[in-house]
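Taken in order, these protein sequences are the chains called A and B.
Residue 43 in the working numbering sits at position 43 of the first sequence, and the numbers go up by one each step.
Residue 236 in the working numbering sits at position 236 of the second sequence, and the numbers go up by one each step.
Hints listed in this document are in silico derivations from the structure and should not be mistaken for laboratory results.
There could be a bad hint or two in this list.
On the chain A side, residues computed to face chain B include the following (Cβ under 10 Å) [stated by the list, open to error]: (1) G174; (2) M227; (3) V234.
Cut-off 30 Å, straight-line C-alpha distance, at most; resulting in silico cross-link-like pairs (DSSO-like, lysine-lysine) [said to hold, decoys possible]: (4) B:K200 to A:K215; (5) A:K289 to B:K298; (6) B:K120 to B:K144.
Where a beta carbon is used, it is the ideal one built from N, C-alpha and C, also for glycine.
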Amino acid sequence: MSRHDKVDVRFENRYLNRHPNHIGMRAKNTISNTIIYVVLILMSVIWLIPFICILLQSFRVESTWQVGYVVPQQWGFDNYVALFQTDFKRWYLNTFIMALVTALFQTVIVLCMSYTLSRFRFKMRAALMRFMLILGMFPGMLTMIILYRVLKDLGLTQSNAVPGLILVYVASSGMGYYVSKGFFDTIPKSLDEAALVDGATRAQILWKIILPLAKPIVIYTILTAFMAPWGDFVFARYVSFGTSEGMNVAVGMFNWLNKDQIGSCYTMFCAGGVVVAIPVTILFMCLQKYYVEGVTGGAVKG
Amino acid sequence: MKQYSDLEYLRLSKGRKFLYGLGRFFTAGIPRFFKGIGLAVGRFFKRLGVGIGTELSDLFLTFKNGDWKTRSSYLIMGFGSICRGQVLRGLLFLLFEAVFIVYMLTAGGYWLSMLPSLGKQGPMEVYNEVLDAYTTQYFDNSFKILLYGVLTVFFIIAFLYTWRLNIRQNRIAEDILRSGKRLKSGKDDLRSLVDDQFHKTLLALPLLGILVFTVLPIVFMILVAFTNYDGTHDGYNNNLFTWVGLQNFNTMLSWSGGNKVYAATFGEILVWTLIWAFFATFTNYFLGMFVAMMINKKGIRIKKVWRTILVMTIAIPQFISLLYVSKMFAKNGLINLFLMNMGWIQQALPFWEDPTWARVTVIIINIWIGIPYLMLIATGILMNIPQDLYESSRIDGANAWQQYTKITLPYMLFITGPYLLTSFTSNMNNFNVIYLLTSGGPTNSAASSVAGTAGYTDLLITWLFKITTGAEAQYYLASVVGIMVFVVVALISVIVYNALPSIKNEEDFQ
């Protein structure tokens with residue numbers, strides 16, 4: 001609070017016949033706003049610090065292990081050079097392909113599923129939804145063992161892990177229809193009915209009326225589907241076990257922080273983190289509007 | 001416990017009312033819940049029995065009253081449809097029958113016959129005349145027998161359903177012809193797939209994927225809980241595995257005998273899982289709402305910047321941020337080294353070494369992860385609260401705290417009730433946060449003799465993962481743990497879901 005504010009308060013109090021220490025409404029507001037600003041600034045720092053640390057340490061040249069300071073003493077691109085001499089390129093490409101293909105197919109499947117469950121009233125609908133709710137209560141981890149062995153029989157593990165993982169991601173993606181169903185529910189049904197009266201088929205209604213209106217949720221679905229493979233760790237590790245060729249970035253880089261590698265790979269991990277995070281973050285920030293819409297609209301009603 | 005009438009209840013003091021409510025919950029609420037389950041099961045079986053009865057009588061009547069086309073359809077699927085001009089439909093039925101018969105004769109019969117034993121002959125040393133030496137030969141494969149056995153059972157069920165459908169089609173066609181109307185042609189059938197039967201077209205692919213990659217594995221893994229499938233009985237390379245009945249559940253859950261340590265470990269991890277899920281859900285929920293309210297407050301500038309800073313952290317893949325933060329808190333990590341350099345502490349703080357420290361630290365870091373999501377969700381809802389509620393309450397002299405507890409919180413809880421439930425259960429299964437931060441450590445020495453060497457921050461789900469890795473992987477135990485997770489999640493969901501005020505008719509939205 002500035003000096004002027006204090007004077008203001010005292011003047012106001014005398015004027016309104018209050019006790020000199022009484023804090024007026026506006027002053028109270030100023031105090032609480034100041035506190036909020038302090039808290040928000042503190043929070044922003046706490047939330048950003050790890051990422052700033054990663055960024056700064058990726059440029060550190062003088063040592064490759066953990067140190068007690070953040071700003072490098074010697075700056076340079078050594079870590080990035082070292083990064084691209086490892087299998088990182090391969091992992092990056094793998095992840096990118098997975099993300100792209102999964103985003104495409106998963107979006108189609110999720111949209112089919114959620115549109116149908118939102119718009120059609122057929123005999124098994126309620127039972128189907130309840131069944132999928134129950135299925136979702138089983139830990140997905142449990143199915144990894146068998147999926148791994150099935151993929152192995154199909155020859156889709158280790159160095160062929162990429163198509164195998166795509167298959168599994170896409171095939172089980174129908175379960176995640178809740179958010180976009182919530183969105184479709186908000187599009188008025190009277191639109192469909194009007195079109196039906198005009199003689200449109202159900203397929204035409206989907207293509208010509210609903211999809212153009214559903215642009216936010218389509219983008220939301222693409223975005224989340226695209227981002228998931230960058231972070232998938234458990235199943236990808238299971239499937240690509242032991243072969244560097246089939247790994248995605250998460251699996252490959254996880255090993256760099258092992259006890260015996262962290263000493264030599266710590267800053268390289270930071271560099272890799274930056275290379276992975278930048279494109280994903282930029283994409284995300286560009287489409288942020290849709291993400292927020294999807295989360296606030298669909299996630300709650302789900 | 002005595003049950004009060006409404007009038008008597010209203011006369012009770014606040015404390016007594018609470019005690020009474022609590023007592024009623026245990027003496028009446030829970031029994032009523034289990035009674036409800038019992039009744040539902042009873043109803044289910046009754047309906048099942050009635051259903052089977054009507055189906056059988058229907059089959060019989062159709063055969064008795066039908067013409068020769070219908071009757072021959074009992075053996076040759078689609079025969080009636082083809083004779084009546086619905087060639088496309090009939091051919092599809094016929095094709096399905098042919099595929100089924102060929103499959104059952106070539107492979108299905110074998111898988112089905114082996115299902116009760118899961119294989120008779122494991123790998124064996126056999127004398128090889130060409131090499132003049134003993135070599136290992138492989139025979140049955142328990143894993144495949146179980147997998148394809150289940151698949152065959154699915155297939156048989158599908159066949160029975162289709163067979164029944166084929167007969168019903170005949171009956172319907174007869175009725176239509178008798179009333180003098182025209183039957184649908186193949187062209188009509190195809191057109192209806194993009195019109196009034198469009199939902200079938202749309203659902204076919206997603207449901208096939210779910211069936212093969214979710215339902216089948218889950219059924220398989222439930223069955224594994226009743227076998228001895230593990231690293232040394234992998235069903236092909238070393239030993240076959242076989243059915244063992246309820247033995248694994250006994251191992252995991254019995255409180256007496258030599259296996260007590262399993263039950264103790266399971267109990268300990270379950271309690272921590274519930275504590276974790278509770279704190280992870282509610283700290284995030286309330287702090288996220290708080291942050292959203294701060295940013296939403298009138299007079300706070302650059303709202304967009306504050307939000308963007310928080311939202312940005314969602315974009316960065318979790319494995320980077322979590323692994324990095326985990327190393328920051330390590331014994332020789334950034335934070336400890338920094339504090340020691342500054343001379344504020346002499347020894348490294350045991351963030352990941354001490355059980356209590358580790359548990360508190362994961363909860364705090366989870367707040368760091370979770371607040372941005374909750375902030376987004378809460379912002380959307382808070383903006384929807386009618387502002388005149390606040391204004392009229394202000395005129396009535398309510399302060400900020402009263403406004404929060406009487407308006408904001410009830411509104412939020414009402415809207416986000418289902419979300420809170422799902423976020424609780426998904427926190428119970430929050431693999432990433434725990435595994436990437438602590439890998440379940442520090443190790444719990446009391447539980448070290450148990451498979452998977454559980455640690456103090458292990459959730460059931462990370463423990464399950466640990467059990468399934470390594471050469472001594474005990475898949476059957478992992479499967480038991482998985483089933484228990486399901487039971488716990490389902491129980492919590494059912495109880496909470498029925499108590500939620502906001503379970504309203506979903507049609508209300510449309």
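| query | Does the alpha-carbon distance linking B:K120 and B:K144 stay inside the 30 Å limit? | reply | holds, 13 Å
| query | Under the criterion that the straight-line Cα-Cα distance not exceed 30 Å, is the pair A:K289, B:K298 satisfied? | reply | holds, 22 Å
| Would the pair B:K200 and A:K215 pass a check requiring their Cα atoms to be no farther apart than 30 Å? | holds, 24 Å
| Satisfaction of the A:G174 interface hint, Cβ to chain B closer than 10 Å | A:G174 check passes; min Cβ-Cβ to chain B is 3 Å, inside 10 Å.
| query | Can A:M227 be said to touch chain B, with a Cβ gap under 10 Å? | reply | Since the shortest Cβ distance to chain B is 7 Å, the answer is holds.
| request: So, A:V234 near chain B? Judge it on the closest CB pair being under 10 Å. | output: holds, 6 Å
The structure agrees with every numbered hint stated previously.
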